[in-house]
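I would like the entire structure built from these sequences, with the hints used as guidance.
Keeping their order, the protein sequence lines are chains A and B. If you use UniProt numbering, the first sequence corresponds to residues 1 to 108, in order. If you use UniProt numbering, the second sequence corresponds to residues 1 to 950, in order.
Simulated from the structure, these hints should not be mistaken for laboratory data. The beta carbon of each residue, even a glycine, is placed where N, CA and C say it ideally should be. There are no misleading hints in this set.
With the Cβ distance kept under 8 Å, some of the chain B side facing chain A (calculated, not the full set):
(1) 517
(2) 633
(3) 637
(4) 640
(5) 645
(6) 652
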Amino acid sequence: MGGLAFAFGTALALWTALTAEVQPFLGNSTFPFAAVSALPLSIGGYVLTPLVVFAALLWDRLAQRLGLRDRNFALRPAYSRALQWLSAGAMLVGIWHVLNIAYAASGT
Amino acid sequence: MKRALAFVTTTALAILMSVGFASGASAAGGYELTSIAKGGVEDLRQCLASSDTLDVFYLIDSSGSMKDTDSGIVRADLLANSLRELAGLKEGLTLNYAASFFSTRYLPEIDWVDGITAADVDAQADALANAIRARPPAGSTNWLQAVTSAQSSVAAQHQKTNGCQALIWLTDGGIWVGDNSVSANATALNSMCGAPLVAGGAAPDPTSRGTFSEMRQAGVIVFGVMLRDESVRDTQSEYVKFMRPLVEGQDGDMNCGEYPDGHDERYVSGVYLQAANAGDLARVFLRLGALVAGGAESPFGPDGEFPVDAGVASFSIVTDNGSWRLTAPDGSVVTAANADAAGFDVDQSGQAVRLTLRAVRTSDIGTWKLDTRTDTDSLLYSSGLRLALDPGGTFVAGSDYELTGRVVREGADLTALPVALDANEYTPRVGYVSPSGLIAVELKEVHIDPTGGDFSFTLSTADVPPGSATFTVSLTDVSSSAAHIPLADVSVKMQVEVTVPGDYPSIAAVELSDLNGSDGVASGALTIVPPTEQPSGSVCFPAGVTPIVDSDSADRYTSWVWGGLKELELDSGGCLTVTSPIDVTLTAANPDAANSKVAAHLDVIYKTSSGDELPGSVPISFVTTRPVNGAAFAVLMVGLLLAGLLLPLVALWIFSWLFTRITRGSHLHRASVPVRIDASGRMTTEDGRPLAKRDWSLDDFPFHSKQPDSRRFSDPQLGTFRGRVPWNPFSRPWYQVAAREGMVLFGPGGYLPRSLSQKRAAGRVLGLSGDLGRVWAVTMAAATLSTLRDDPVAATLVVFLRNETGDKSAYRERIAKLASDGSLERQLTAAREAVAAELSANSTKTTSGAAQKAQAGATETGAAPRRNDGMPDSEPPRRQRGAEAAEPPRRSSSSDGHPPRRGVSGDGGRSSHPDVSPRSGGGTSASDPNEPPRRTPAPSDPGEPPRRSR
Numbered sequence: 001m002g003g004l005a006f007a008f009g010t011a012l013a014l015w016t017a018l019t020a021e022v023q024p025f026l027g028n029s030t031f032p033f034a035a036v037s038a039l040p041l042s043i044g045g046y047v048l049t050p051l052v053v054f055a056a057l058l059w060d061r062l063a064q065r066l067g068l069r070d071r072n073f074a075l076r077p078a079y080s081r082a083l084q085w086l087s088a089g090a091m092l093v094g095i096w097h098v099l100n101i102a103y104a105a106s107g108t
Numbered sequence: 001m002k003r004a005l006a007f008v009t010t011t012a013l014a015i016l017m018s019v020g021f022a023s024g025a026s027a028a029g030g031y032e033l034t035s036i037a038k039g040g041v042e043d044l045r046q047c048l049a050s051s052d053t054l055d056v057f058y059l060i061d062s063s064g065s066m067k068d069t070d071s072g073i074v075r076a077d078l079l080a081n082s083l084r085e086l087a088g089l090k091e092g093l094t095l096n097y098a099a100s101f102f103s104t105r106y107l108p109e110i111d112w113v114d115g116i117t118a119a120d121v122d123a124q125a126d127a128l129a130n131a132i133r134a135r136p137p138a139g140s141t142n143w144l145q146a147v148t149s150a151q152s153s154v155a156a157q158h159q160k161t162n163g164c165q166a167l168i169w170l171t172d173g174g175i176w177v178g179d180n181s182v183s184a185n186a187t188a189l190n191s192m193c194g195a196p197l198v199a200g201g202a203a204p205d206p207t208s209r210g211t212f213s214e215m216r217q218a219g220v221i222v223f224g225v226m227l228r229d230e231s232v233r234d235t236q237s238e239y240v241k242f243m244r245p246l247v248e249g250q251d252g253d254m255n256c257g258e259y260p261d262g263h264d265e266r267y268v269s270g271v272y273l274q275a276a277n278a279g280d281l282a283r284v285f286l287r288l289g290a291l292v293a294g295g296a297e298s299p300f301g302p303d304g305e306f307p308v309d310a311g312v313a314s315f316s317i318v319t320d321n322g323s324w325r326l327t328a329p330d331g332s333v334v335t336a337a338n339a340d341a342a343g344f345d346v347d348q349s350g351q352a353v354r355l356t357l358r359a360v361r362t363s364d365i366g367t368w369k370l371d372t373r374t375d376t377d378s379l380l381y382s383s384g385l386r387l388a389l390d391p392g393g394t395f396v397a398g399s400d401y402e403l404t405g406r407v408v409r410e411g412a413d414l415t416a417l418p419v420a421l422d423a424n425e426y427t428p429r430v431g432y433v434s435p436s437g438l439i440a441v442e443l444k445e446v447h448i449d450p451t452g453g454d455f456s457f458t459l460s461t462a463d464v465p466p467g468s469a470t471f472t473v474s475l476t477d478v479s480s481s482a483a484h485i486p487l488a489d490v491s492v493k494m495q496v497e498v499t500v501p502g503d504y505p506s507i508a509a510v511e512l513s514d515l516n517g518s519d520g521v522a523s524g525a526l527t528i529v530p531p532t533e534q535p536s537g538s539v540c541f542p543a544g545v546t547p548i549v550d551s552d553s554a555d556r557y558t559s560w561v562w563g564g565l566k567e568l569e570l571d572s573g574g575c576l577t578v579t580s581p582i583d584v585t586l587t588a589a590n591p592d593a594a595n596s597k598v599a600a601h602l603d604v605i606y607k608t609s610s611g612d613e614l615p616g617s618v619p620i621s622f623v624t625t626r627p628v629n630g631a632a633f634a635v636l637m638v639g640l641l642l643a644g645l646l647l648p649l650v651a652l653w654i655f656s657w658l659f660t661r662i663t664r665g666s667h668l669h670r671a672s673v674p675v676r677i678d679a680s681g682r683m684t685t686e687d688g689r690p691l692a693k694r695d696w697s698l699d700d701f702p703f704h705s706k707q708p709d710s711r712r713f714s715d716p717q718l719g720t721f722r723g724r725v726p727w728n729p730f731s732r733p734w735y736q737v738a739a740r741e742g743m744v745l746f747g748p749g750g751y752l753p754r755s756l757s758q759k760r761a762a763g764r765v766l767g768l769s770g771d772l773g774r775v776w777a778v779t780m781a782a783a784t785l786s787t788l789r790d791d792p793v794a795a796t797l798v799v800f801l802r803n804e805t806g807d808k809s810a811y812r813e814r815i816a817k818l819a820s821d822g823s824l825e826r827q828l829t830a831a832r833e834a835v836a837a838e839l840s841a842n843s844t845k846t847t848s849g850a851a852q853k854a855q856a857g858a859t860e861t862g863a864a865p866r867r868n869d870g871m872p873d874s875e876p877p878r879r880q881r882g883a884e885a886a887e888p889p890r891r892s893s894s895s896d897g898h899p900p901r902r903g904v905s906g907d908g909g910r911s912s913h914p915d916v917s918p919r920s921g922g923g924t925s926a927s928d929p930n931e932p933p934r935r936t937p938a939p940s941d942p943g944e945p946p947r948r949s950r
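Written out as structure tokens, the structure reads:
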């Protein structure tokens, strides 16, 4: 689930990046924001990365922790490591989505 | 005689043209331009005739396939040379250029360099070539991102320069977007096209006109160059065919853009070029340079012959043959060796060569012959004609107007020369650009001075509606008079204001104020002026009072809200009688804020008091902006970051904190065994027997009371157990036991963070498994470490065991396993060194009474008993293994008279040793039910491990 969420979130980030154009920002500054019409994609990406990825990480930790009490449960440390890296990556991808959501929503 | 010779020559040339060259103006070899592409070249020439600024954007494919299709990186020189040629297209031209690469993504390389002239273009051309050579080919061909990014850059540049604009897009393969799925590629193509060009993808946004159509509407002439080498495998070949309809708007039944059925005169055309290989690409660019410079292609005659007459200003030949050879009309031979002296410029790109006769002289008139002609060679003639219009002033709709100017001829050196217009045949035409295309304007009178080139055209502007209009003045069907050599049309555009006659009311163009944001309103005064020559007139609005948006780069064609005009009191016919000036504040608003330029118009019909009608159009233009509320942006950023990033991180930490507990659970046994340990980490019982040689039973491992999992609890001998969570939520939690004051701990170390490595080395902290059932450790007085050399010292082994099945062998196996642990020696050595270092650093403290007391205590509890067990002083403990027979008999659990005991706090707190009486309570055990039974520690050292009383 975490991997899928990260993949979809990243795909949405790339998709929105395709619509990016350099836009006037604050003062005389400019920044390449995604098109305002791509706001739903940015929101979707924001939900997927990092929220869902973090949720998957929490879920994994909970499951592996509770699994300690089950003698038939096989620990999967690789899952935790992978989700940990995905979460870190999701934070970076999430920042792009946050930027675009904030830009789209703060336009007057 | 001369006249007769001239007649013969002219007649011969005419026959030659009609026989040998009348097959049409097809390109000799190489790729043939479509009529739309020729229109695109003409559009650029036309724009440059009216503007001295040219913005050129190079969008260059740097995908991995370029290393196969152009392994020699010929494109570097080609594009650099094209930059040089563009800079020299016109005297006084200011060239601005930028360059970007694209592959899987868009890769900006050279930002806009402004103000280049022919004199200083070489440095920039070299920079462009070097950048292309330095860019390693890699990745795919993401057309969508490349083209849309280039469009944005060109649009931003146009706002700055307002000049002519060209986009040179070079690629060698079909589109590859995202995962290269049919859906992704088709959707991207449809989006760029502005129409459903490819099945299998999403339809374009209905409010969008497509990327390329928008560029054509914005006046950007796109030169799309497809390097199509069939010998190179291309997985995207199926998409190659879509490049032409994208660039030119049409290819067979594939149409793109808002006006797919044909070229709209209001907009420029695109030019699609195709090259079969790198060599062909060189020819394409050299031909393109000649075409843009005013050339028109003609075929060669038999054996490479071609005529030149007085109507030709210059000619160019593009050939692959580096050993080219021309024979002039006078029989002289021109080769690369004497080309410059013969008046030729020679440009070479790759293997292709372009020869350009700078200016035709009298001696050049006659029949030339390219002796080395091949099928791929191209011949281009240039008339050198250029139109220069006098300032237009104001047209009055419906009345005649005299348009004046002159025709001049420029040679290849761009020097305007006196022109004898009778050397050329042409048809003057004037038209105005209407929404439905180019509308011809009737020329009532045409006067052209054949010697000086001055002309005057009397236009009938009856059909030209009032308002801002673009006129196109052209010389069409241009050819030379003598040999009828077809030459390129010449045209120039002119923006004029067409006013209504005095007996009509009028409305001037409206420039609204900027529209800022979604809540803003753009407004401007629209004044309806009554007739100046009549007391009244009327204005009708045949399409209503809602303006029609012609262009909006933000594609907001349906969401505009107009105001002001609805307040006009129109009659039932939608007309308004005007007897005095009527001021209306026209407003425009849009809920979708965007950074854009908007052009709109309002269709009107002006009527005189007698009922005469004059259709007109009121242009409306304004700028829209999308301001960003900085505070809102900051709040949203922080809020979203908190909600999306920080809160999950905090939740992750709290989660870790909640679940980081040491598992105690049920079926837990705890043994506390006095042992002796030597420097090598070998443990024996107090009487010197190896631990594994003893029988271990439930008597040694009394039950530990069941306790809930906990983050923190104390063990009376080992110290404080803790589950710890680092501040970094991604770091792993750890479990530790911290030794009691004055004690040290050793055991099978679990994970500890690096920050605790010193304490771990000193034996003050021991990393653990999170399951208490797996924990064991040896604890001893820290002071005894200094005496730990060859002689064993006293210590206490505390072992936990979870024995859910009650297996009797589990106790022995547990002890045997820990007795074989080989890590103790290293830990002891490290701890001894750490303690020694501390003692050295605090020498005064080490000699203090406290240390001596600890030493005395250690001696009391450890060293002294060893001497009492009957073992020789000099005998190292390890030798005792083999001397098991010499071991004193020990009590077994069944022979000591004490039954096996279960539990500690839960069953009355019995000792873990069969020869130790249960405590009567109080002390530590009273406060800690987990504490196992032990003997009363020596009063002098509360940290001392329990031992037998002697």
